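Knowing the structure of chain A, use the given hints to seat chains B and C on it.
Spelled out, the chains give:
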Amino acid sequence: MAAVVHRELAAEAWRFYGPVLAIGALVAAGFAAFVYMETNGHFVTGMDNQIVWGLPHVFAVFLIVAASGALNVASVASVFGRTQYKPLAPLSALVSLALLAGGLAILAADLGRPDRLVVAMTHFNLTSIFALNMFLYSGFFAIVGVYLWFMMERRMHRYTGTAGIAAFVWRIILTTGTGSIFGFLVGREAYDSALLGPTFVVYSLAYGTAAFLVVLDLASRWDARAFDPETIAKLGRLLAVLVAAALYMTAVFHLTKLYMARSRDVEAFLLVQGGIYPLLFWLGQIAIGGVLPLVLLYSPRTGTTRGGVLAAAVLVVLGGLAQMYVTIIGAQAWPQPIFPGWQESSSFFDGEIHSYAPSLPEVFLALGGVALAAALIAVALKALRFLPESCTDSSSQQHTSPQARPR
Amino acid sequence: MSDAGRRGFLGTAAAALAGVALAPGIRLIDLAGARAPDEPASGKVRWGMLIDSSKCATGCTDCVSACATENGLQDTGRPKTDAQWIRKIDLKDLRSGRQHSAPVMCQHCANPPCVDVCPTGASFKRADGIVLVDRHTCIGCRYCVMACPYKARSFVHENLSAQKPEVPRGKGCVEGCTLCVHRVDKGGTPACVEACTSAGHGAMVFGDLNDPASPIAKRLKELPNRQLRADLRLDPGVRYSGV
Amino acid sequence: MIRRFTGIVLLTLAAGLAFAADRVAKPVIAIDKPGRCVEDTALMRRDHMKLLMHQRDRTMREGVRTKPHSLAGCVDCHASTKTGSVLGPQGFCQSCHDYASVRLDCFECHAAKRGMAAALGAKR
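Protein chains in written order, with the working numbering: chain A, 51 to 457; chain B, 129 to 371; chain C, 47 to 170.
If you are wondering where the hints come from, they were derived from the structure by calculation, not from laboratory data. These numbers come from a predicted model, not from an experiment. Incorrect hints may appear among the rest.
[Stated by the list, open to error] Every beta carbon over 10 Å from chain A, so not counted as near; a handful from chain B, in silico:
(1) LYS172
(2) CYS188
(3) THR209
(4) PRO241
(5) ALA250
(6) GLY300
(7) HIS310
(8) GLY330
(9) ASN353
[Said to hold, decoys possible] Cut-off 20 Å, straight-line C-alpha distance, at most; resulting in silico cross-link-like pairs (SDA-like, lysine to any residue):
(10) B/LYS208 with A/GLU402
(11) B/LYS292 with B/THR197
(12) B/LYS172 with B/SER369
(13) C/LYS159 with B/VAL295
(14) B/LYS208 with A/GLY401
(15) C/LYS159 with C/SER126
(16) B/LYS220 with A/PRO385
(17) B/LYS220 with A/PRO390
(18) C/LYS113 with B/ALA164
(19) B/LYS172 with B/LYS314
(20) B/LYS346 with B/SER369
Virtual Cβ for every residue (Gly too), placed ideally from N, Cα, C.
In isolation and in its complexed conformation, chain A is listed as follows (with noise of 0.2 Å):
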């Protein structure tokens, strides 16, 4: 097989500056956000204590679970022997840990008491997900960092699929854990489910491959490569199954929900009553997020085309983004049920359903994580060879010449 040359971004100047300097002007508002959230208390946000979790959650959760999925391409080549990807496999594995990055950078900004990071990092408590997931989360930098080294390292080679069978476990895990979170509350209705964890995982495969080949397609733009249609296509025909295993998962996880009597009144708020939840469930991830993109991808006319995958997976990201706010802030708008069977009624808002808009200071922190990981890739691209010289990949198929032609 002949090697494929990769080459750092060659876009000059203004080109790259210019992008550059917008995401770094989003990463300074974010971190502009940190700082007057942290100093004056998150009273100036729209959490309270109902609503506890907010928008930045809903961003760093999605960022976590598109993280892990964002290193599918790089799996399927060391993992599942499909030599294509390989030239792409790098570029998955760097994907992958700047949005892990931004997601957890997102989730530390927004603690109460960021100046105790160094506390979380000393004082486990294993019984706790948060905890474990501490572990798994510096683990899966530790693996995928060495995987990518040994991607890069022509002398290491062959360990690579050893270290990529490593990194997959280990995200299946992660995945498993940052569901988890959410599985394990037995308090509140909307969870209490392990389903929880497998459901995060399938949705981790759609979202990271949608978040992969957003960047893929940028990151070609950026200094114009050439763009290898097949095996966008292919890509393309693998986000589509990953949807659909997504929808399956949705279906079976509200359906479960819905035969228990106890969760039914918080499923027909979620689905039906909630205002903004039902139309973000509905609208955002169901048809954006899952029905359109399989009409895209499945159509003859835009299923192989680049701007229909692309389109396809910029609706699946959005599709998340709306997963993550309904599972996240939806569930806990609906009031915990401390008597069931009775009204309940206080002065902290028990038995009513908890309203919840984000400030703008949230939505800077939110976007700065998106950025901060933009901006994590944009250097990485800069300044190592992360892209295949073109992102075609005849060069490692077995049955066309090692001359990469181009189409």
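Coordinates of chains B and C only, in the frame set by chain A:
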């Protein structure tokens, strides 16, 4: 126990509690589970509370105000972010229209979800069953707020000043009812119970659930009572009767 | 005890003179209640944080509130007679922590003003 006997007993109990409220020093020895002040809290004691909603009047907030005064909880004019360690929940049965009222605070579970989920171990359960937050290691992630089925935890949303010396509180940490641990350690009762008792309502009893001779254990034996969300098997230390 | 106190004052003065050229102002350590602290001055200067930490864990985790090394005890004795607080540029805690450039975040949560320490049993 006969009706008269019970009344007699309740009278004695109320008198004992009133006496306790007047002379905190004496009660240290009186109430079961007393330990020497320099002895660590032990698992021999399980502090708990019994709330009799049949004696708890709708609209009465004596316990809530006593808590705020004792622990220095201030009203910032922002009810959605203000901490509430104890609140009165008004209950209505939609079919029959039957109404109740009862205070709800940290239930001091034997298997507290807040302790299970806390990443740093800041949420912890003392040997005598009191569930507390170690503010020195609380990072303000609010996972415990998500996990508590009783909405008993509050997050401090702003800078505070003029805290009570015995009740440290500060921005960015999660907090909740401490069962007035600073009073209990010196043989006292929680402020809410004291206020309810001294106002003559007698809807709250505090004591050692492990000591069969304690007033609370005797009342629990007499009155039908239950734990909130008993289905979750958290074994709360606070029991409710009449609802 | 008086000799020790005089010694500290002299030492402080001497140190003040020796570093008079320093740009960082010396901390103002006004001790309104001269007398013996709960431990030797040298030990308190070096290890007060360890004593506080130990007492803190004993108090919080075990409910033992009898030992004299409580933060409330510090405040009760060392709060300024003028401001009633250990904070402020001339406050007992803050002046020295500012000088040593050591973050002092106890009082984000703990009361910095003299309060009810008599009832705490923190004093002997």
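Evaluated hints:
1. LYS172: 25 Å, holds
2. CYS188: 13 Å, holds
3. THR209: 5 Å, violated
4. PRO241: Violated, since 6 Å does not exceed 10 Å.
5. ALA250: Incorrect as stated: the minimum Cβ-Cβ distance to chain A is 8 Å, not above 10 Å.
6. GLY300: 3 Å, violated
7. HIS310: 23 Å, holds
8. GLY330: 22 Å, holds
9. ASN353: 14 Å, holds
10. B/LYS208 with A/GLU402: 12 Å, holds
11. B/LYS292 with B/THR197: 9 Å, holds
12. B/LYS172 with B/SER369: Violated, at about 25 Å.
13. C/LYS159 with B/VAL295: Given that 20 Å is the threshold and the Cα spacing comes to 13 Å, the pair holds.
14. B/LYS208 with A/GLY401: Cα-Cα ~14 Å, so holds.
15. C/LYS159 with C/SER126: 9 Å, holds
16. B/LYS220 with A/PRO385: 16 Å, holds
17. B/LYS220 with A/PRO390: Cα-Cα ~11 Å, so holds.
18. C/LYS113 with B/ALA164: 13 Å, holds
19. B/LYS172 with B/LYS314: 17 Å, holds
20. B/LYS346 with B/SER369: Cα-Cα ~13 Å, so holds.
When the structure is compared with the earlier hints, violations turn up for hints 3, 4, 5, 6, 12 and for no others.
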